[in-house]
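Construct the complete structure from the given sequences, taking the supplied hints into account.
Residue numbers (numbering that gives the first Met the number 0), protein chains in the order written: chain A, 0 to 610; chain B, 0 to 610.
Worth flagging that the hints you see were computed from the coordinates, not collected in a lab. Beta carbons are placed, not taken as given, at the ideal position from N, Cα and C, and that holds for glycine. Where hints are given, some of them may not hold.
Chain B stretches covered by chain A per the calculated footprint, using a threshold of three residues with CB under 8 Å from any CB of chain A [what the hints assert, rightly or not]: (1) 5-19; (2) 62-73; (3) 119-131.
Protein chains: 2
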Amino acid sequence: MKFSQTFIPTLREVPADAVIVSHRLMFRAGMIRKLANGLFAYLPLGLRSFRKVERIVREEMDATGSLEIKPTVVVPGDLWKQSGRWDAYGDALMRLKNRVGADFVVSPTAEEAFTSLVRDELSSYRQLPLSLYQINTKYRDEVRPRYGVMRGREFVMKDAYSYHTDEASLDKTYQDMGRAYRRIFKRCALTVIPVQADSGAMGGSGSEEIMVESEIGDNTLLLCKACDYAANVEKAGCKSDFKAPPSPDAAKQAGLPPIEKIDTPSVKTIDELCAFLKTGAEKFIKTLIYRAVNVELDLSTAPGAARLEKRKPAPGAPELYPEAFFAVAIRGDLDVNEVKLAAALKASELSLASDSDVERLTGAPTGFAGPVGLHTLPLVIDLTVTAMNDAVTGALAKDLHYRHAAYGRDFEAWMISDVRTVKAGDRCPLCGGELYEKKGNELGHIFKLGYKYTKSMNVTYLDEAGKAQVPTMGCYGIGLDRTLASVIEEHHDGDGIIWPLTVAPYQVIIVPIKYEGAVKALTDSLERELEQRGLEVLVDDRDERPGVKFKDADLIGIPFRVVVGDKNLAADKPRVEIKGRGEKESRLVETAKAAEELAALVKAGLAELNS
Amino acid sequence: MKFSQTFIPTLREVPADAVIVSHRLMFRAGMIRKLANGLFAYLPLGLRSFRKVERIVREEMDATGSLEIKPTVVVPGDLWKQSGRWDAYGDALMRLKNRVGADFVVSPTAEEAFTSLVRDELSSYRQLPLSLYQINTKYRDEVRPRYGVMRGREFVMKDAYSYHTDEASLDKTYQDMGRAYRRIFKRCALTVIPVQADSGAMGGSGSEEIMVESEIGDNTLLLCKACDYAANVEKAGCKSDFKAPPSPDAAKQAGLPPIEKIDTPSVKTIDELCAFLKTGAEKFIKTLIYRAVNVELDLSTAPGAARLEKRKPAPGAPELYPEAFFAVAIRGDLDVNEVKLAAALKASELSLASDSDVERLTGAPTGFAGPVGLHTLPLVIDLTVTAMNDAVTGALAKDLHYRHAAYGRDFEAWMISDVRTVKAGDRCPLCGGELYEKKGNELGHIFKLGYKYTKSMNVTYLDEAGKAQVPTMGCYGIGLDRTLASVIEEHHDGDGIIWPLTVAPYQVIIVPIKYEGAVKALTDSLERELEQRGLEVLVDDRDERPGVKFKDADLIGIPFRVVVGDKNLAADKPRVEIKGRGEKESRLVETAKAAEELAALVKAGLAELNS
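Structure representation (structure tokens):
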């Protein structure tokens, strides 16, 4: 392809909103242009690389035995109502109405569409397992789309969904997908970190995120210095402080004084309390009141449960409590991890209760809640609290606290759960080693969804005994745009992109010093010969100074550059210069051998990545 | 690929709404399933054929030098406001608002997105011509989606847009695209009819539709029995009856009596008039009052123009009249073609005026309008009326008509235009031969758009003299889903699809009579050998009766079927049966030669279509 015949509008300047390397370089290299916030068009050069990522993903999906289908991008809202996500998904779901008022969504994911198709076709266990995927346009109405195609509103996702008769079959596909994902990212020359992840709003349990390290990553990862433990902070655990509930006598045996009310005038925050009592935050039990939405956990034994509304959002969907309040107690120096808490409560949303709700439920203004004597709502305590037997905590009245509070003697929990946010410096839950933090971006995600969608959408098959059963389900996503941008984040230098061969828009760029005469003739014949050998070649035939062409070649990052100039052609043995994009120096190669050598280099480079 | 490892849910029954062959067969062959009205999912078999159509389209577009890009599917409404189509497009445009109330559309076509990208990048005449295309999801909120993927709401279109310094350059690309389209349809084994077409709401002039004949076609085509003239009825002309305006004396010279008012009590329709006056409809001048919306035609010389509102919908957009009324006169036995009329008036929409508007504008109830003495609004007369010099027509008063009315003597026109609907039996405008009608479906459309979008969206470049100029533009679309469905419409029999090799999901299907023992071994080795030769092979390894497998093989229409059975393998020279899908009889071929023979058949078949 001649540079003059394609459309690669390279630039020296970048827009102010391009703050990360991949966004800047994709823009400068003429790979993408912005149509609106979060909406990007791929130009020819960008699309070539995009298609290579797409092909790698497709090949690896096909290799797992997953079957490609193509549902629509616009999907009936009714399906989302059946699954319950029409209400649960939040504002990022682009809902729309057609001319006769029917509801639709522009798909952000496709559990509903796939499950609806499978529901209509599934009859027998013999059809299972069934693994289907698409590579298709998705839309999320992000509040703050940023970082170019790294976090756009419209993007392309490969999403696969699998259906199984049992957990073992699901686990096999889940493991196959995990391996396929590792191969995909290896082929794209990406260094990834697979982490344990919470499955968030997707429901279910058993999930892994494939992350790349990124300064602007929207995930915090905790990694162990000693072993290969890695987890998203949303899910990360740490060496437990859990104790079996101590007997009421334990405190007495430990010589602990009885619980005692103390005046703490105008003292509300933990910091103020620390100063007032001249002690550390780890001596306090912090108690927060949360409002949870759509709670699927059974609350029948919880204090105040009799007053709670309960309903079934759709036939087949599980019963839930549209709204419920919880008190959550945790050691004063720690933070509650709301994702862990939501998962423990099986709630779709969670927020701190308003001041008026706190006052109504605890009988005291915000700042004086505590576990002792709290019988109006269910008390969830973090594992750390079970180890506290001489704590300060709110006394459910203005300007009053307790001291010498002990778990097991002075209060019991309705539920004990790990709900703390793990931090750098905490100890690894596997080996006890020290944990450290990284920021990461999610490229892929594999989930065991379980029965969430198949139950709510009434999917059944007949088992060997002729009995109707509900299949279990997994889902597996990869963001293609984000994967491509991440390749650039990992492979660039100050001059531009350094494409790995597998994702490079072209493998070789020929730069004639001046595209005329013998130089032109050799350029054209080399292009032909390389293309006959199956290589993808860009020829910079523009009437530009060599410096401009070299700068653009570095910017767009083609793996091998061949310079054809009069001087080297005029020698006894005519030669061209060959340079790898990542190399500092070029080498002179006889023109007669150039094509063969380049073909060998490309073949070897591809083989290494694809191996 | 083994049948048991893919997902081809064939069916004997079809849903009641599948009334055309392609819809029925795509459904029965397990190629598609319905998600909702007008929304179809392609299953693995359907997607394979779809991708083949896509590849053919891509190869032929690339061969024209057009460059593939990938804008978004969801596009900012602002761009559509700039072009004026936000208001003009009508209810089929899927408009939506995001979470902060910004307007978007789910693209039905992409003139705006492409022109916006080009606007931002275009600076010099040296960048032109520029031809860009995408193959991407489109959405039209059809009132009555029908006929499966033939007329769906969501579909995939290849749409290309080209930008040029002058008409000659535009014409070259237009011709190149026309040739590419003919090649695309030839490669898909489709018999197409290229017809002259009106460009409708797209604006501009010079356009051709590529049609396939179809009983359920939504276009009426007029073709000449004598030459190769073909046109959409919306645009079709016929041998003209146009006369130069006769002098006022012509009627006198012809011995025509003076115009005379006659009583026609309670007579309103043409039929009633014919009966009352005992004459044929061709003696009447029918006069209709139309209400036109967004009229771009200059009406400054028209009667009543002073009262018309005039405005500029956007900076750069042409001035227009939001509403204007016209009287249109035509010979009584003919119909007004509203598409031609809208084009002549440069109006975006057209409808018959309400009874009250008719009464207000003509001073008479509906049924008594006529050209004589009508000075309140512009009079458009069809060419046929210029030849009428002894006509009956309404007298602008209840129960009164004129007779002996003559064009040139008794009335003049504000505009003379060809606005009649041509019918079978009319004479060819090229050769005078007889025209006949066919129903057709549009597969592709090429347009010379001119300056409509580049002007309204303010696109300029600097010419050689450094002066800012506006480029002219063309656009070129092909519906991929519809193309695929049309292949089935043209290639099927009572048993199922008969795929042309270029679009077949697989080229060879191997049907082992019973997939076990020697039959299984040969089936597997033949599959391997064929795949090594680059053929696409489906193996029906299911535990089904041979009859079921044969029926399914015919239904899904794979071009070559190979039957492997014990009987033929046990012979001295082991053999398999080979049968072309369109053939009646199978042939016995030695197993050792089967792969070679099949490879030759496939190669020859592909070569013929792709030549």
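Structure-based check of each hint:
no.: 1; hint: 5-19; result: holds (count 3)
no.: 2; hint: 62-73; result: holds (count 9)
no.: 3; hint: 119-131; result: holds (count 4)
Every hint from the earlier list agrees with this structure, and none is contradicted.
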